[in-house]
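Start from chain A and add chain B according to the hints.
There are 2 protein chains.
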Amino acid sequence: MNTDVTTDFGLESIREAYEWTLLTSSSLNGIAQIFFKCENFQKIGVFKIRGVLNAELALPYSERKNGIATNSSGNHALAIAFAAGLFGLMAYIVMPRTAPEIKKTAVAGYGAEIILCEPTLQSREDALREVVERTGAAFIHPYNDYRVIAGQATCALELLEDVPDLDLVMAPVGGGGLLSGTALAVHHISPRTKVIAGEPAGADDAFRSLRAGSLQTNDSTRTIADGLLTSLGDKTFPLIRQYVEEIITVTDEQIIAAMRLIWERMKIIIEPSCAVPFAALLKDKEKFNGKLTGIILTGGNVDLGKLPF
Amino acid sequence: MNTDVTTDFGLESIREAYEWTLLTSSSLNGIAQIFFKCENFQKIGVFKIRGVLNAELALPYSERKNGIATNSSGNHALAIAFAAGLFGLMAYIVMPRTAPEIKKTAVAGYGAEIILCEPTLQSREDALREVVERTGAAFIHPYNDYRVIAGQATCALELLEDVPDLDLVMAPVGGGGLLSGTALAVHHISPRTKVIAGEPAGADDAFRSLRAGSLQTNDSTRTIADGLLTSLGDKTFPLIRQYVEEIITVTDEQIIAAMRLIWERMKIIIEPSCAVPFAALLKDKEKFNGKLTGIILTGGNVDLGKLPF
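So the protein sequences, as listed, match chains A and B.
Per this note's numbering: the first sequence = residues 2 to 310.
Per this note's numbering: the second sequence = residues 2 to 310.
If we strip away everything but chain A, and leave its shape as in the complex, we get:
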């Protein structure tokens, strides 16, 4: 029993971890029978450590010896900074000026070098290219990378090992790393279980991509779910198209209400992005009626000075 998950993803450690990361709430079970997989208790406060560690482990020493670089709006940055430290490597993190202070402080606290840029895709990519050229660091993409996707998939694997009879598994979708990994794991382990995602209406590229049958992007984004601003990639989209049943979009109002309900009833802290699948369930309640539903609560890194209530 520990709020820190081991960084070794062997089966033994997974068994040890999932014992305490699954919660239920009798008051919320009035809505559906829900099992919450609590990645907010994960090391660094978010599931992203899974994908990054898997990717870092897969890199030969010659490729990682000059450090790891990435661009991230926050949680992936935390994961890279923390995981690089475990390997004794330098981390270089390109972050938009607008990233939450709590995340900048935490990244710096792990000893990473932060390179600030403008909050545009172009500025982020330019800054990343410059830092990779300058340092020789290896780039690990936040989601469009099969090693990252496979790491994120371990979360659904643990969930299904604990509750094998789930009718539904829910996750949020931003760039799609967690969602594609979740869908892949569910497909292989429990083909009858359906995967449904929640997505902010203000960054709904995945919803539109599924409907169009081709990769769409977000020209602009406007949502409180700051971990879900990115668009799907060419590796995550095909997996999501093949294995995800449905994407439900939710407004910021619905996200905040869902977040507040979990804070009040379950006494655990989740961030806005994390509340998105539960908001989707609340929006389409009848769809979940009588269904055994697993929801991945992705993370709990909120800036307590800027709460939406």
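Hints in this document: simulated from the structure, not taken from any laboratory.
Hints may contain errors.
Treat identical chains as interchangeable: a pair holds within one or across any two.
Here are the simulated DSSO-like cross-link-like pairs (lysine-lysine), alpha carbons at most 30 Å apart as the crow flies [claimed, not checked]:
1) Lys195 / Lys292
2) Lys195 / Lys288
3) Lys66 / Lys307
4) Lys66 / Lys236
5) Lys292 / Lys307
6) Lys105 / Lys284
7) Lys105 / Lys307
8) Lys288 / Lys307
9) Lys105 / Lys66
For chain B alone, coordinates are given in the frame of chain A:
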């Protein structure tokens, strides 16, 4: 694994419950080796259900058949309202007008009748006497009752069963029901383990009572820890005097900082009163250095609309 603790306090259910109510945090373990007993995940969000159920079970039917009445600033009210419902009894709760809205709403939600009074001892006692005369309900005191004290003691019992080698056990003190029960349980189960309490400086009657060797009261109170405003009673004080090693007082600033640290690092929601023992540990760090310390996190009922940060 469930955020709701069973209401049956048999050993089997205690074993089942403590599996998930004990948390540690590697970042907070830099301060001392701390085991947090998480009563914020308890039914109704607070430890108080323990004492009330024990008291209610001890009442013969003839005494409880007209319902249960009490006066409480909040959490005891929740416990009475919830527990009365379990027994199919009416609950009558005298509450000060100034009690948090979240607690008034929750008490009413359990079907209890709320009788509002002024936030003074005299007004509360008058209103309680009137409701008992009117209804014939049985009064259960929030803390100055051996049945309540014995119920609260089960929390330390579970903690010591899980971590038998604790050097220290910490709890907050208001009226002293939890603290006296904790001290009693620790004395009987693990006599070498010391009990240290935290108390708000703005309601420090217990600190002054220990120093004076006689029961002192709070003429006025001024603290954010709204669950700890009451003064010790003639049943709780002697137990505390005999079995509690020390009481450390903390300012509201220290309470808020401790609360924030637990929210940020552990991603769990605790209320201000609940942060008091951890604030005391942070204040006197050297005293806890190298000590295996168990801290009872008493509850998580906060009004999210009125957070101190």
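Right, here's what the structure says about each hint:
When the C-alpha separation of Lys195 and Lys292 is checked against a cutoff of 30 Å, the pair qualifies only within one copy, where the shortest distance is 11 Å, while the shortest distance between copies is 49 Å. In this homomeric assembly, Lys195 and Lys288 come within 30 Å of each other (Cα to Cα) only inside a single copy, at 12 Å, whereas the closest approach across copies is 54 Å. Proximity of Lys66 to Lys307 under the C-alpha cut-off of 30 Å is found in neither arrangement, the shortest distances being 38 Å within a copy and 49 Å between copies. In this assembly of identical chains, Lys66 and Lys236 lie within 30 Å of each other by CA distance solely inside one copy; the values are 26 Å within and 66 Å between copies.
Proximity of Lys292 and Lys307 under a CA criterion of 30 Å is satisfied in neither setting, with 35 Å inside one chain copy and 36 Å between copies. Taking CA atoms no more than 30 Å apart as the test, Lys105 paired with Lys284 passes between copies only; the shortest distance there is 28 Å, against 33 Å inside one copy. Both within a single protomer and between protomers do Lys105 and Lys307 lie at most 30 Å apart by alpha-carbon distance, with minima of 15 Å and 27 Å respectively. For a Cα distance limit of 30 Å, the shortest separation of Lys288 from Lys307 qualifies neither inside one copy, at 33 Å, nor across copies, at 35 Å.
In this homomeric assembly, Lys105 and Lys66 come within 30 Å of each other (Cα to Cα) only inside a single copy, at 24 Å, whereas the closest approach across copies is 59 Å.
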